[in-house]
Amino acid sequence: MSVIFKRPHALLDVPTHYCPGCGHGIIHRLVAEVIDEMGIEGETVGICPVGCAVMAYDYFGCDMVEAPHGRAPAVATGVKRSNPNLHVFTYQGDGDLAAIGTAETVHSGTRGENIVIIFVNNTTYGMTGGQMAPTTLPGQVTQTTPYGRDVHTAGHPVKICELMSTLDGVALAQRVAIDSPAHIREAKNAIRKAFDNEANGRGLSIVEVLSTCPTNWGVTPAEAMEFVRSDMIPYYPLGVYKDVTAGEKEAR
Amino acid sequence: MAENTKSGEKYLMKGNEALAEAAIRAGCKCFFGYPITPQTELAAYMAKQMPKRGGVFLQAESELAAVNMLLGAASSGVRAMTSSSSPGISLKSEGISYMAGSDLPAVIINVQRGGPGLGSIQPSQSDYFQATHAMGHGDFNILVFAPNSVQEMADLAALAFDKADEYRIPAMILADGLLGQMMEPVSFHEIEPAHTDKSGWAANGHKNKRAHHIINSLYLDAPTLEKIVRERYERYAIIESREQRSESYMCEDAEILVVGYGAAARVAKSAVAQARAEGIKAGLFRPITLYPFPKDALREAAAGAKVLLDTELSMGQMIEDVKLAINCSKPVEFYGRTGGVVPTPGEILEKLRELNGGI
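Sequence lines, in order, name chains A and B. The numbering of the first sequence is the numbering used here, which starts it at 1 and goes up by one. The numbering of the second sequence is the numbering used here, which starts it at 1001 and goes up by one.
The following block holds chain A by itself, in its conformation from the complex:
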């Protein structure tokens, strides 16, 4: 009997604390598959955020550092600059990356810091019980927008890929989703491209993954996937916002 499907080596065989229907499991797996395919687990350091993925250090097999809220790109910068031969990625949620850590995100981009950022956008602060995130959609009900997000008082959602694509140091800014097998394959390819960019010193790559939070959205896992399709993707269009390798391919 041959093995046709197995746990990636870079994803440890331990139970996670994630809720049923949460997208983190899929996204963790995609990152681990890419690390396995590139054979770089022993030379990779991952940086955890504050938020639901804070304990990702227990799940990834590579060395891991847990950063203060929003500071993962700065911590990654310190690891990468002091050990340029290491492969360094951050794994961050929307509150961490797009609110408290906006300065670190933008400036790691302007510096063209040679790291990978995996940005999980599920429109909510999950760990603290579902408050409004910078990416919460207009009208969306959360614990701190009980009447729906009113953009006149609570501001507008942040479109991170569009923002990061304007920065000269950014090599890749791509938005993907995990609501269907086809989108998951696309997400995997984007993450692989980001790690390839890092390995080739092209600058900062950010992959924004539209994900789910059935627990805090108050829906079933299947309904959560439907919400990604019906509400999130229309507001946050999937696609490649910047890819410095695009021209290279045409040249070939």
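Derived by calculation from the structure, the hints in this document are not laboratory data. Do not take every clue at face value.
Unchecked claim - Straight-line Cα separation of at most 30 Å, DSS-like style, residue types lysine-lysine; simulated pairs: (1) 1227(B) to 1295(B); (2) 1281(B) to 1227(B); (3) 1029(B) to 1006(B); (4) 1207(B) to 188(A); (5) 6(A) to 1207(B); (6) 1052(B) to 1029(B); (7) 1330(B) to 1269(B); (8) 1269(B) to 1207(B); (9) 1281(B) to 1330(B); (10) 188(A) to 1209(B); (11) 1010(B) to 1227(B); (12) 6(A) to 1209(B).
To be verified - Far from chain B by the CB rule (all over 10 Å, computed), these chain A residues: (13) 15; (14) 25; (15) 38; (16) 54; (17) 65; (18) 106; (19) 139; (20) 143; (21) 148; (22) 155; (23) 168; (24) 182; (25) 196; (26) 221; (27) 230; (28) 239.
Every residue, glycine too, gets a C-beta built ideally from N, C-alpha and C.
Assemble the complex: chain A is given as a structure, and chain B must be docked to it using the hints.
Below, chain B without anything else, positioned relative to chain A:
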């Protein structure tokens, strides 16, 4: 400015530059800065020297980013440093707490200025409480060294790296605008940085040869966190027994014992010398480590004194540790200036005369 300094030669340098040079010589590989007066020359020296000497200089987008870059570099096992002045240190307190909670060795420089808030840009010692008692949220201490000359800015920077590594703890040089900006002769000793094996914990890639390393300060299980904090405090107890440093000047027969550190101690030393010339039996006790506070030596120096005079460039912060060290067994008077004002030796001398009259 000194270029390619040779060991044993004398150079005329600013305190900030001497500290930077000593740090590079001590094996500092990464410096993460953010502009603020009066530590400017330190970052400028690093910007010029690090690229030439195989190191990394990076100007961060904020003090928050700088201290977290320090956290990252320290996590991967290299000697790294950041520097700032009072308002910037407040921002760095987040990262310092995380580093303390992750047992990371790193060196932080505070070239203090007047506060609170934006305060002034003149010398001050009003961050004593912050450095020694509350350098961030949570139960922890960091090593705090207090130089009082350009030479000591250099010597203590080198020592701070060694001790930070030895105890896996952040270390701070608590200087001030006076020490940072003034020029004095300084020489750099040929030192071999103490080698500390970091392979047991550093997050620098497991090379498929060991289990993964985790640098972390989160423990959701309360008893587990309590155990880890208690273990850290056992290390602090060792630090307190081994690492107290101080200098005593004319303390043997002193009836009035002046206690001061850093720039305040320089002023006090002149005042004590002048008082002695007038026949006043004054002495100076100067803490060199503020954490651990040199309470054993202070108790000894104060044994024969009738009164203590604590002097600081603040409204009186270290005075609490002075009183605790002697269990409030003697009167402890205070003379301080704040806001960036530095007292003259004459002001301290006047206070000594007054105290001498009351003995």
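| message | According to the definition I'm using, a residue is off the interface if its beta carbon is farther than 10 Å from all beta carbons of the partner; does residue 143(A) meet that for chain B? | response | holds, 21 Å
Is the nearest CB of chain B more than 10 Å from the CB of residue 168(A)? Fine: 15 Å to the nearest Cβ keeps residue 168(A) off the interface.
**OP:** With a cut-off of 30 Å on the C-alpha distance, tell me whether residue 188(A) and residue 1209(B) pass.
**Re:** Distance of about 27 Å is within 30 Å: holds.
Verdict on residue 106(A) as a residue remote from chain B, using beta-carbon distances over 10 Å: Given that some Cβ of chain B is not farther than 10 Å from that of residue 106(A), nearest at about 8 Å, it is violated.
Quiz item: Within 30 Å, alpha carbon to alpha carbon, are residue 1281(B) and residue 1330(B)?
Solution: This hinted pair holds, its Cα atoms lying about 17 Å apart.
- Is it correct that the beta-carbon of residue 15(A) has no partner in chain B closer than or equal to 10 Å? holds, 15 Å
Q) Holds or violated: is the Cβ of residue 239(A) farther than 10 Å from all Cβ atoms of chain B? A) holds, 28 Å
| said: Against the 30 Å threshold, does the CA-CA distance of residue 1227(B) and residue 1295(B) hold or violate the hint? | reply: Answer holds: residue 1227(B) to residue 1295(B) is near 27 Å, not above 30 Å.
| If you draw a straight line from the CA of residue 1052(B) to the CA of residue 1029(B), is it 30 Å or shorter? | holds, 12 Å
Between residue 1010(B) and residue 1227(B), does the CA-CA distance stay at or below 30 Å? violated, 49 Å
Tell me if the straight-line CA distance from residue 6(A) to residue 1207(B) falls inside 30 Å. holds, 22 Å
- Is the Cβ of residue 221(A) more than 10 Å away from each Cβ in chain B? holds, 25 Å
This entry does not satisfy hints 2, 8, 11, 16, 17 and 18, going by the numbered hints stated previously.
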